[in-house]
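Participant: Sequence:
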Amino acid sequence: MFTGIVQGVAHIADIKDLPGLRSFRIEFPEGFAKDLEIGASVAVDGVCLTVTQLHGANAADFDVMQQSLNITTLGSYAENSRVNVERAARDGAEIGGHPLSGHVDFTARLAAIRQTDNNYVLRIAVPPEWLRYIFAKGYIAVNGASLTIAEVNRAESWFEIWLIPETLRMTVFAEKTVGAALNIEIERSTQVIVDTVQTILSDTLGPLLPALETLLQQQGVDSSRLSGLLGIGKKP
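Numbering (this note's numbering), first residue to last: 1 to 236.
No lab work stands behind these hints, which were simulated from the structure alone. Because the structure is a prediction, the values reported are computed rather than measured. Take the hints with a grain of salt, since some may be wrong.
Ranges between beta-carbon positions, derived for each pair [to be verified]:
id: 1; residue 1: S41; residue 2: V192; range: 19 to 29 Å
id: 2; residue 1: T52; residue 2: M1; range: 16 to 26 Å
id: 3; residue 1: P19; residue 2: M170; range: 35 to 45 Å
id: 4; residue 1: M170; residue 2: A150; range: 35 to 45 Å
All C-beta atoms in this analysis are idealised placements derived from N, C-alpha and C, irrespective of residue type, glycine included.
Start from the sequences and build out the full structure, keeping to the hints where you can.
Facilitator: Spelled out as structure tokens, the structure:
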């Protein structure tokens, strides 16, 4: 488990591509890898990776399988790319952010950047099917950083996060430009609640759907979105 509090920025020192596998050698900030062992977990831009080999006091190798390359940004990185890193949480550690698994759900696109005097605002465009789990004032993990959602626009499929100077200093977000891909992990308890409610609605009202659609049509109301609102049909 991780907390979403990024502990530093590392860089990719070497990449080796093998059939169905990509191996990274990552060099960490001084002191980050103290007591790091083979088999330990490290979140790299929000992706939980396992240490396969150690190189001195400040570098380690990680293997990434094809499935993870397909659904995260790790397949697009080159040598010298900089990444957010966090060690796995220890028992009794303070949870400064929110619990994360390091299992990225999807990638999103940085749609716009807006700067104020002491804040840095990122607008992130997401696939519409994932918006059901994203709420203003809720948590979300972006490249492994636990962040609070400031605003959600469901009609245009985006949400915004506001970053303070300390977050910019400790992460790679200041280096990202419009169009950049970002790793997103939704907050699990929110997902469970939303899916449970939609399942209950579907089980309860699903058999009544044809009658409800007919009634709405008789009232001149567009019923085309009713199945989606009830959670009936394909889910992410």
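Participant: S41 and V192, beta-carbon distance inside 19 to 29 Å?
Facilitator: holds, 23 Å
Participant: Take the C-beta atom of P19 and the C-beta atom of M170, compute their distance, and say whether it sits inside 35 to 45 Å.
Facilitator: holds, 36 Å
Participant: Cβ-Cβ distance between T52 and M1: within 16 to 26 Å?
Facilitator: At roughly 20 Å between Cβ atoms, M1 and T52 fall inside 16 to 26 Å, so the hint holds.
Participant: Assuming the hint says 35 to 45 Å, is it satisfied by the Cβ distance from M170 to A150 or not?
Facilitator: violated, 19 Å
In this structure, the one hint that does not hold is number 4.
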